[in-house]
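With the hints as constraints, model all of the structure from the sequences given.
The residues making up each chain are set out below.
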Amino acid sequence: MLEAHDLAGRRGHADLFAGVGFRLAAGEALVVTGPNGTGKTTLLRMLAGLSAPAAGEIRLNGNKVAPYSQELRSSVAYAGHLPALKDELTAEENLSSLVQLAGAPVAVPELRAALDAVALGRRRNLPARVLSAGQRRRIGLARLAVLRRPVLVLDEPATALDAAGIDLLAKLVHEHLDRGGVAVLATHQSLGLEPERVRSLVLGG
Amino acid sequence: MTMAATAPPGVEAAFGAGGDGALAGLRWAVARDLRLAMRSRAELGVQLLFYVIVVALFPLSMTPERNLLATMGPGVLWVAALLASLLSLPRLFATDHADGTLEQIALSPYPLEALIAGKVLAHWLTTGLPVALLAPLLALQYYLDGESVGVLVAGLLLGTPILSLLGAVGAALTLGLRGGGGSLLALLILPLYVPVLIFGAGAVDSVRAGLGATANLSLLGAGLALALVGTPFAAAAAVRIALD
Numbered sequence: 001m002l003e004a005h006d007l008a009g010r011r012g013h014a015d016l017f018a019g020v021g022f023r024l025a026a027g028e029a030l031v032v033t034g035p036n037g038t039g040k041t042t043l044l045r046m047l048a049g050l051s052a053p054a055a056g057e058i059r060l061n062g063n064k065v066a067p068y069s070q071e072l073r074s075s076v077a078y079a080g081h082l083p084a085l086k087d088e089l090t091a092e093e094n095l096s097s098l099v100q101l102a103g104a105p106v107a108v109p110e111l112r113a114a115l116d117a118v119a120l121g122r123r124r125n126l127p128a129r130v131l132s133a134g135q136r137r138r139i140g141l142a143r144l145a146v147l148r149r150p151v152l153v154l155d156e157p158a159t160a161l162d163a164a165g166i167d168l169l170a171k172l173v174h175e176h177l178d179r180g181g182v183a184v185l186a187t188h189q190s191l192g193l194e195p196e197r198v199r200s201l202v203l204g205g
Numbered sequence: 001m002t003m004a005a006t007a008p009p010g011v012e013a014a015f016g017a018g019g020d021g022a023l024a025g026l027r028w029a030v031a032r033d034l035r036l037a038m039r040s041r042a043e044l045g046v047q048l049l050f051y052v053i054v055v056a057l058f059p060l061s062m063t064p065e066r067n068l069l070a071t072m073g074p075g076v077l078w079v080a081a082l083l084a085s086l087l088s089l090p091r092l093f094a095t096d097h098a099d100g101t102l103e104q105i106a107l108s109p110y111p112l113e114a115l116i117a118g119k120v121l122a123h124w125l126t127t128g129l130p131v132a133l134l135a136p137l138l139a140l141q142y143y144l145d146g147e148s149v150g151v152l153v154a155g156l157l158l159g160t161p162i163l164s165l166l167g168a169v170g171a172a173l174t175l176g177l178r179g180g181g182g183s184l185l186a187l188l189i190l191p192l193y194v195p196v197l198i199f200g201a202g203a204v205d206s207v208r209a210g211l212g213a214t215a216n217l218s219l220l221g222a223g224l225a226l227a228l229v230g231t232p233f234a235a236a237a238a239v240r241i242a243l244d
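Line order of the protein sequences matches chains A and B. Going by my numbering, the first residue of the first sequence is number 1, and it counts up by one from there. Going by my numbering, the first residue of the second sequence is number 1, and it counts up by one from there.
If you are wondering where the hints come from, they were derived from the structure by calculation, not from laboratory data. Glycine included, each C-beta is placed from N, C-alpha and C at the ideal position. One should not assume that every hint holds.
Said to hold, decoys possible - Reference excerpt, derived from the structure (chain B facing chain A, CB under 10 Å, subset only):
#: 1; residue: Met38
#: 2; residue: Leu87
#: 3; residue: Arg91
#: 4; residue: Asp244
As the list claims (entries may be wrong) - Heads up, incomplete: computed chain A residues facing chain B, CB under 7 Å, no partners named:
#: 5; residue: Leu50
#: 6; residue: Ser51
#: 7; residue: Arg73
#: 8; residue: Ser74
#: 9; residue: Tyr78
#: 10; residue: Glu88
#: 11; residue: Ser97
#: 12; residue: Gln100
#: 13; residue: Leu101
#: 14; residue: Gly103
#: 15; residue: Ala107
#: 16; residue: Val108
#: 17; residue: Pro109
Set out below in structure tokens:
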């Protein structure tokens with residue numbers, strides 16, 4: 001479903017990686033690990049369509065995809081280091097705004113259920129400014145759950161999450177893979193994924 | 001749509017009809033930016049107060065002579081409108097860039113150009129429009145007659161959207177510079193504002209000279225049409241470069 005051939009990444013004048021390739025079938029996850037500064041984020045941003053690979057190609061369902069192509073923008077849900085939340089808006093408004101931006105229909109009961117699922121139900125009317133880093137991350141998890149995009153690209157998704165939060169993340173990824181989605185995760189957390197559905201990629205090794 | 005076989009329900013809706021995509025994106029951006037502006041009303045007030053004070057300073061700093069003020073008035077109001085528009089431009093994309101929203105905007109299935117056009121429209125509604133609506137009140141200090149005030153407001157209504165549109169390109173180009181790029185943005189964009197200033201202030205002058213404002217206002221209208229067509233694409237390209 002998602003493939004990469006011979007990808008090379010460059011940041012400024014530094015060559016980060018070259019010859020990276022993988023092939024993910026429906027229901028499989030790619031876990032990217034490696035020391036800091038070896039290009040994990042760069043690789044994930046390429047897969048999300050935010051930057052162009054220095055060499056190589058990315059294929060989604062067999063079609064070669066370019067950065068910002070319509071196919072990537074409507075199939076991939078990307079969560080980067082930054083939570084994309086507005087301090088002035090409440091948790092629910094932030095979620096609703098992000099879901100709408102992703103072109104998905106907004107149903108209030110569904111949004112509230114998603115916030116309940118990440119234990120933010122009672123805090124949905126608080127402005128994001130007063131939420132903790134972990135709670136802000138949880139809004140991101142609720143967004144991914146509502147969007148149900150076929151491809152998840154998550155950069156350090158476990159950052160700032162507590163044990164219960166990591167369980168929620170693991171559950172989200174599990175359900176996503178069970179539905180036949182694919183996921184690319186840059187994380188050192190195991191998330192309890194079955195080894196047969198995980199491919200791993202070590203950068204800078 | 002090769003996705004159909006594997007896409008879970010709900011994804012289909014994401015790339016519905018292409019045509020409404022642009023309109024839905026525009027609506028999203030206008031609604032969100034207006035809501036954010038309403039949540040930080042104080043900032044809006046400060047910009048408008050800045051405009052009012054700049055306009056009020058000139059009559060205080062020179063001989064309050066009727067003819068002199070009436071000659072200078074339109075120019076002063078236009079320069080102040082320009083500065084007020086410039087004041088809020090650095091934040092047009094910078095806050096979204098800093099909190100990661102700009103990445104999600106660029107990755108939205110809606111066309112980036114439409115989303116940017118929506119942000120620019122919201123910027124105009126919160127700066128350009130109030131500036132144009134306040135102008136008749138401020139023009140009182142400059143002894144402008146009724147017809148001149150009418151032309152001044154018409155000129156501001158046509159000209160301030162051009163300021164927001166051109167400003168968006170500058171704001172996108174200076175994204176990610178240290179210190180917000182505010183002063184570089186001003187250097188980059190103020191020269192481009194010159195034609196708007198000339199035709200806008202010129203429209204009032206020509207009415208006062210008895211020539212009618214049609215020529216100047218038509219040129220402003222043409223400039224607006226041109227800016228509407230070109231600038232969202234330029235700003236979208238600049239945003240993508242900033243995110244790379």
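Which numbered hints are broken by the structure, listed smallest first? 2, 3, 15, 16, 17
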